[in-house]
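Enquirer: Add chain B to chain A, keeping to what the hints say.
Residues per chain are reported as follows:
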Amino acid sequence: MSRIKVKIKENDLNKIREICKEHDNQPGELINVLQRTQEHFGYLPAEVQEAVANELGVSVAKVYGVVTFYSFFTMIPQGRYPISICTGTACYVRGADNVLQEFKRQLGIEVGETSEDGKFSLNCLRCVGACGLAPVVLVGDKTYGRVSPDGVKDILKEYQEKENSDE
Amino acid sequence: MENVKLTIDNKEVEVPKGTTIYKAAKKLDIDIPVLCYMNLEDIGIENKPGGCRVCVVEVEGRNNLAPSCATEVTEGMVVKTHTMRVINARRTVVEFILSDHPKDCLTCKKSGNCELQDLAIKLGIREIPGQEYAEMSTYKTDYSPSIVRELDKCIMCRRCEAMCNEFQTVGALNAFNRGFEAAVAPAFEMDLQYSPCTYCGQCVAVCPTAALTEVDHSRDLIDAISDPSKTVIAQTAPAVRAALGEEFGNEPGTLVTGKMVTALRRLGFDYVFDTDFAADLTIMEEGAELLDRLTKYLNGDKEVRMPMLTSCCPAWVRFIEHHFPEMKDIPSSARSPQQMFGSIAKTYFADKIEKKREDVVVVSVMPCLAKKYESQRDEFKVDGNPDVDFSLTTRELAHLIKEANFDLNNLPDEDFDRPMGESTGAGVIFGTTGGVIEAATRTAYEVHTGKELPKISFDELRGFEGIRKATVDFEGQEINIGIAHGLGNARKLLEEIKAGKSEFHAIEIMACPGGCIGGGGQPSHHNNTAILKARQNAIYEEDKNKKLRKSHENPEIKKLYEEFLGKPMSEKAHELLHTKYFDISRKIEIS
Numbered sequence: 001m002s003r004i005k006v007k008i009k010e011n012d013l014n015k016i017r018e019i020c021k022e023h024d025n026q027p028g029e030l031i032n033v034l035q036r037t038q039e040h041f042g043y044l045p046a047e048v049q050e051a052v053a054n055e056l057g058v059s060v061a062k063v064y065g066v067v068t069f070y071s072f073f074t075m076i077p078q079g080r081y082p083i084s085i086c087t088g089t090a091c092y093v094r095g096a097d098n099v100l101q102e103f104k105r106q107l108g109i110e111v112g113e114t115s116e117d118g119k120f121s122l123n124c125l126r127c128v129g130a131c132g133l134a135p136v137v138l139v140g141d142k143t144y145g146r147v148s149p150d151g152v153k154d155i156l157k158e159y160q161e162k163e164n165s166d167e
Numbered sequence: 001m002e003n004v005k006l007t008i009d010n011k012e013v014e015v016p017k018g019t020t021i022y023k024a025a026k027k028l029d030i031d032i033p034v035l036c037y038m039n040l041e042d043i044g045i046e047n048k049p050g051g052c053r054v055c056v057v058e059v060e061g062r063n064n065l066a067p068s069c070a071t072e073v074t075e076g077m078v079v080k081t082h083t084m085r086v087i088n089a090r091r092t093v094v095e096f097i098l099s100d101h102p103k104d105c106l107t108c109k110k111s112g113n114c115e116l117q118d119l120a121i122k123l124g125i126r127e128i129p130g131q132e133y134a135e136m137s138t139y140k141t142d143y144s145p146s147i148v149r150e151l152d153k154c155i156m157c158r159r160c161e162a163m164c165n166e167f168q169t170v171g172a173l174n175a176f177n178r179g180f181e182a183a184v185a186p187a188f189e190m191d192l193q194y195s196p197c198t199y200c201g202q203c204v205a206v207c208p209t210a211a212l213t214e215v216d217h218s219r220d221l222i223d224a225i226s227d228p229s230k231t232v233i234a235q236t237a238p239a240v241r242a243a244l245g246e247e248f249g250n251e252p253g254t255l256v257t258g259k260m261v262t263a264l265r266r267l268g269f270d271y272v273f274d275t276d277f278a279a280d281l282t283i284m285e286e287g288a289e290l291l292d293r294l295t296k297y298l299n300g301d302k303e304v305r306m307p308m309l310t311s312c313c314p315a316w317v318r319f320i321e322h323h324f325p326e327m328k329d330i331p332s333s334a335r336s337p338q339q340m341f342g343s344i345a346k347t348y349f350a351d352k353i354e355k356k357r358e359d360v361v362v363v364s365v366m367p368c369l370a371k372k373y374e375s376q377r378d379e380f381k382v383d384g385n386p387d388v389d390f391s392l393t394t395r396e397l398a399h400l401i402k403e404a405n406f407d408l409n410n411l412p413d414e415d416f417d418r419p420m421g422e423s424t425g426a427g428v429i430f431g432t433t434g435g436v437i438e439a440a441t442r443t444a445y446e447v448h449t450g451k452e453l454p455k456i457s458f459d460e461l462r463g464f465e466g467i468r469k470a471t472v473d474f475e476g477q478e479i480n481i482g483i484a485h486g487l488g489n490a491r492k493l494l495e496e497i498k499a500g501k502s503e504f505h506a507i508e509i510m511a512c513p514g515g516c517i518g519g520g521g522q523p524s525h526h527n528n529t530a531i532l533k534a535r536q537n538a539i540y541e542e543d544k545n546k547k548l549r550k551s552h553e554n555p556e557i558k559k560l561y562e563e564f565l566g567k568p569m570s571e572k573a574h575e576l577l578h579t580k581y582f583d584i585s586r587k588i589e590i591s
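Going down the list, the protein sequences come from chains A and B.
Counting in the numbering used here, the first sequence runs from 1 upward without gaps.
Counting in the numbering used here, the second sequence runs from 1 upward without gaps.
Next up, chain A with everything else stripped away, as it sits in the complex:
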């Protein structure tokens, strides 16, 4: 029998320790700590959850339980251009699902996944308060209104070109 080893980079561990310490290593601060940690890392991979559990003195199973309960938390690194499709009531009845299917088809990924090249990730959210523009799609901070399945290609193209011109 041997120990189970969890590997983590020193800088990352120090950052987690710093965040936990700012919350007095209180188990009750778990959600706040995870929020801050995700802000820093962009997502919450297993080793980060292990380290948080260790610092706060809670079980890893509990940390994982919280991370998987709240849709805000993610264990998958987000793409450079995170795509969010509103599937709230107004957007849904105006065809958000067709738009979503088109994004899935063109990117070859499911909701909650990130494309292999790391460019795009796909998520759903509920109502951004712009129901007049339904169906609504967000890419990063930018909002696109009245999106139709035909318009998906143009949105993706915009960011492909942006990436090419940045290079």
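Hints in this document: simulated from the structure, not taken from any laboratory.
A virtual CB, placed ideally from N, CA and C, is assigned to each residue, including glycine.
Pulled from the structure, derived: some chain B residues nowhere near chain A, Cβ distances all over 12 angstroms:
#1 Lys11
#2 Lys103
#3 Thr107
#4 Asp227
#5 Asn385
#6 Glu503
#7 Glu553
Under the rule of at most 25 angstroms between Cα atoms (straight-line distance), these lysine to any residue pairs were calculated in the SDA-like manner:
#8 Lys7(A) / Phe324(B)
#9 Lys5(A) / Lys587(B)
#10 Lys21(A) / Thr169(B)
#11 Lys27(B) / Gly61(B)
#12 Lys587(B) / His40(A)
#13 Lys48(B) / Gly28(A)
#14 Lys48(B) / Glu29(A)
#15 Lys140(B) / Asn177(B)
#16 Lys5(A) / Lys580(B)
#17 Lys5(A) / Pro145(B)
#18 Lys7(A) / Gln193(B)
#19 Lys587(B) / Asp24(A)
#20 Lys122(B) / Arg53(B)
#21 Lys498(B) / Arg17(A)
#22 Lys501(B) / Gly57(A)
#23 Lys104(A) / Glu181(B)
#24 Lys157(A) / Asp97(A)
#25 Lys587(B) / Val6(A)
#26 Lys110(B) / Glu135(B)
#27 Lys5(A) / Gln193(B)
#28 Lys328(B) / Gly57(A)
#29 Lys9(A) / Ile590(B)
Expert: Just chain B now, with coordinates in the frame of chain A:
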């Protein structure tokens, strides 16, 4: 305390403020059906997530139905527990649960002993409306050395979580995901064997369905018995005889020792022996180690670590290896009775009957799930051949007896075979919390003082409280003894030791409520801890009726030392009867 008056089903009742409707109804003998709710009164664990909604009742003046398990009574409240609205709601709830539950009741391990099945029968559910459209959640089945997790059958009652986190403070299980996708699992849905699980099996003991069950070795036993080249040996733990009868309709606390022996013999075991024999042997070794450590400690030896902790319980051993690895040299190095038995059976006894160890199959019958895992630990194998081939639970034995069509209650009483069936009352009380340390005290006292005990029973070591303390006078030398059952209670004593504040010389720890009598392999206690107390009384009864009650008086143990081992803690004893512990904690490393 302030009281509240209310009416339930037209009957008035007065209960203390803060009481739930469910408990108030119970006072009137109104039994509201429940599913997720669980109250293990004597160990202070109450699970009332209010999640399943089976226990709903109608409260006058309230629009929606109230979950009675989690709703507190108020003055003048008027409650109705079986209106048509309530019955329909209950039915719908159970239909929904069943719509996402496998329908393999005929072959399910928990068939006949499943709370969900009982409820479906009680509510007369014959079809599930909309089943053809209902989606089923699916998960992979996880097999660990002791426990099988079949999450398709999880109904999210979260009782297992209460046991794993609140009572045992192990933290292996937690709910993950939400809604339809939700279930209970270790972190990252890893297999249980990589989690901090101790295999105590308390999650299995409270699971209402077959989401959590034991690894079944019944077929391995049948194969072994069917093989004429094998000599198959049984050893039965003390707690089994105090609970097996319940599976055959006996009152809790009925001892069925002799009938169990007859049943095992008729099943085809070549020898029916008793783990109690090995418990006596454990006392010889552990008692000698305690006296040795104590003497060194009292003589000012700074090297020796005190207190000494017992090491019979494999779930407890795995707990310290996982959660307190820095203290892994504190438990006694003595192996558990199960393993001592296997080790002696495959050496001393195999020689006596002129068999090779490969041709001897040692099968233990245990109240325990962790024993399955313990028997597979590498240090208990010789050239890959385990000292104990496999371990069955009390429940598995009950199934085998039923399968063989034996009417246990009408079997004659027979005695264990010799030599390894001879035991004393000290071996018997290993089955209850406080028993191991009482057995050790009986022997240590007489060996240390050279005098006979004035009174054999140590009532101060008995009881059901989670943590108990007692001081025993060894003729002028006071020995402070601590006892904990439940790993959460053990954790408290370990934290004291860690902080250097422990006053104890010796501590007994058992993982399960009440000790082995409340083990994860026992017949269901039906969420009634009074059953555990009845089993505990049965164990003390068996001890009282034994001719010999001190381990060092066991004639077969004396002979074993004369013929084979020499004396306690001899080189041979160390090789066969002692062990060491490992650090298996999770370690965060810089990459």
